[in-house]
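Asks: Sequence:
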Amino acid sequence: MFPATPLIGRLRPSTNRLTLRSISPVHHHHHQPKTDQHARSGGGAGGGRRRIRMSSTVTEITRHQQYHSAGLEEQDLEGAEPLELFKRWFEDAQRSGLVEEPEAMCLSTGLPTGEVSSRFVLLKKIEPAAGLVFFTNYDSRKAQEIRRNAHVSAAFYWGPLHQQIRICGKAEKIPEEESQRYFDGRPLGSRIGAWASPQSSPLESRAHLLDLVASHEARFELQPGSIDRHPPSQQDLHTLIPRPDYWGGFRIIPNEIEFWVGRPNRLHDRFVFKRSLDGLAPSSPWTRQRLAP
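Residue 1 is where the sequence shown starts when you use full-length UniProt numbering, and the numbers rise one by one after that.
Read the hints as simulated data drawn from the structure, not as lab findings. The C-beta atom is built at its ideal place from N, Cα and C for all residues, glycine as well. Any given hint might turn out to be false.
[To be verified] Label pairs and their computed distance ranges (CB to CB): (1) E176 <-> Q144: 28 to 38 Å; (2) E176 <-> S215: 23 to 33 Å; (3) E81 <-> A104: 17 to 27 Å; (4) D76 <-> Y246: 42 to 52 Å; (5) P244 <-> P264: 42 to 52 Å; (6) P293 <-> P187: 38 to 48 Å; (7) R229 <-> H151: 37 to 47 Å.
[As the list claims (entries may be wrong)] Pairs of lysine to aspartate or glutamate, DMTMM-like flavour, derived with a Cα cap of 20 Å: (8) K124 <-> E73; (9) K124 <-> E84; (10) K170 <-> E84; (11) K274 <-> E73; (12) K274 <-> D139; (13) K173 <-> E204; (14) K274 <-> E84; (15) K274 <-> D76; (16) K173 <-> D184; (17) K170 <-> D184; (18) K124 <-> E100; (19) K170 <-> E115; (20) K274 <-> E256; (21) K274 <-> E258; (22) K87 <-> E127; (23) K87 <-> E100; (24) K173 <-> D139; (25) K170 <-> E256; (26) K87 <-> E256; (27) K124 <-> E101; (28) K170 <-> D278; (29) K173 <-> D278; (30) K124 <-> D211; (31) K124 <-> E91; (32) K170 <-> D139; (33) K124 <-> E176.
Using the sequences plus the hints, can you model the full thing?
Replies: Shown next, in the form of structure tokens:
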């Protein structure tokens, strides 16, 4: 059994940028936007309101990047456990200094009706013998969808390294003591934010959100503006902020992991590992197969 990777921190920004250009409008109108005659004359009750006709444009992504990585061969994967391989790739991405937030993963959840939603969350722990852990508000949309359908998918893309990893599996809540241990180590502002933000609920305004923050600072006897004070005062630093019972972690237990490496002419290397799950427990060993790019 491999030890769990320590909790994952943040990395320096990358300098890579995607370039875009706008091409000519579909209808090739190069004059100023038209207004209707009623608006130009200023007639009608109340002096008339200008109605602007919006021009239609298409944005084309012009960048075409060739990938020149060393690739991935069968002999590189002999005897490899996919979660341990993921751990090695992840640690390489961290050490490279080229990837901004390699822990950012696109998490997709779905309802039994077939509706799917995606968002980026931060991976916080890699457990080669178990799965991947992230934390969230249990009342959020993602958590509500996981309650109704435990099947999830996560994707990592590390462009400067020409690597992508896709993971499918089931999500389960982690034990409360694990969530508590992680919560206690979060920055003060993040702990207050967990209380103040009714995640995924409609919000009247940002001012209302800041009012909620201020009310929880007062609730926990913090000085006003404590979460924005760097460094925090010693008193604030040692203030015990309990973990909300609606906040904690999920573990993704994978049954499918695909590794992708970019190669020239879009002839990429792809290998997928699969196994069966009986509920949340593995019921078969991993198998490996190369896929066409």
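Asks: Please go over all the hints and tell whether each is borne out by the structure.
Replies: How the hints compare with the structure:
no., hint, in the structure
1, E176 <-> Q144: 28 to 38 Å, "violated, 19 Å"
2, E176 <-> S215: 23 to 33 Å, "holds, 26 Å"
3, E81 <-> A104: 17 to 27 Å, "holds, 24 Å"
4, D76 <-> Y246: 42 to 52 Å, "holds, 43 Å"
5, P244 <-> P264: 42 to 52 Å, "holds, 50 Å"
6, P293 <-> P187: 38 to 48 Å, "holds, 42 Å"
7, R229 <-> H151: 37 to 47 Å, "holds, 43 Å"
8, K124 <-> E73, "violated, 29 Å"
9, K124 <-> E84, "holds, 16 Å"
10, K170 <-> E84, "holds, 18 Å"
11, K274 <-> E73, "holds, 18 Å"
12, K274 <-> D139, "violated, 31 Å"
13, K173 <-> E204, "violated, 30 Å"
14, K274 <-> E84, "holds, 14 Å"
15, K274 <-> D76, "holds, 17 Å"
16, K173 <-> D184, "holds, 18 Å"
17, K170 <-> D184, "violated, 26 Å"
18, K124 <-> E100, "holds, 15 Å"
19, K170 <-> E115, "holds, 17 Å"
20, K274 <-> E256, "holds, 4 Å"
21, K274 <-> E258, "holds, 9 Å"
22, K87 <-> E127, "holds, 8 Å"
23, K87 <-> E100, "holds, 17 Å"
24, K173 <-> D139, "holds, 13 Å"
25, K170 <-> E256, "holds, 10 Å"
26, K87 <-> E256, "holds, 15 Å"
27, K124 <-> E101, "holds, 11 Å"
28, K170 <-> D278, "holds, 11 Å"
29, K173 <-> D278, "holds, 17 Å"
30, K124 <-> D211, "violated, 29 Å"
31, K124 <-> E91, "holds, 13 Å"
32, K170 <-> D139, "holds, 18 Å"
33, K124 <-> E176, "holds, 16 Å"
Comparing the model with each numbered hint stated earlier shows that hints 1, 8, 12, 13, 17 and 30 do not hold.
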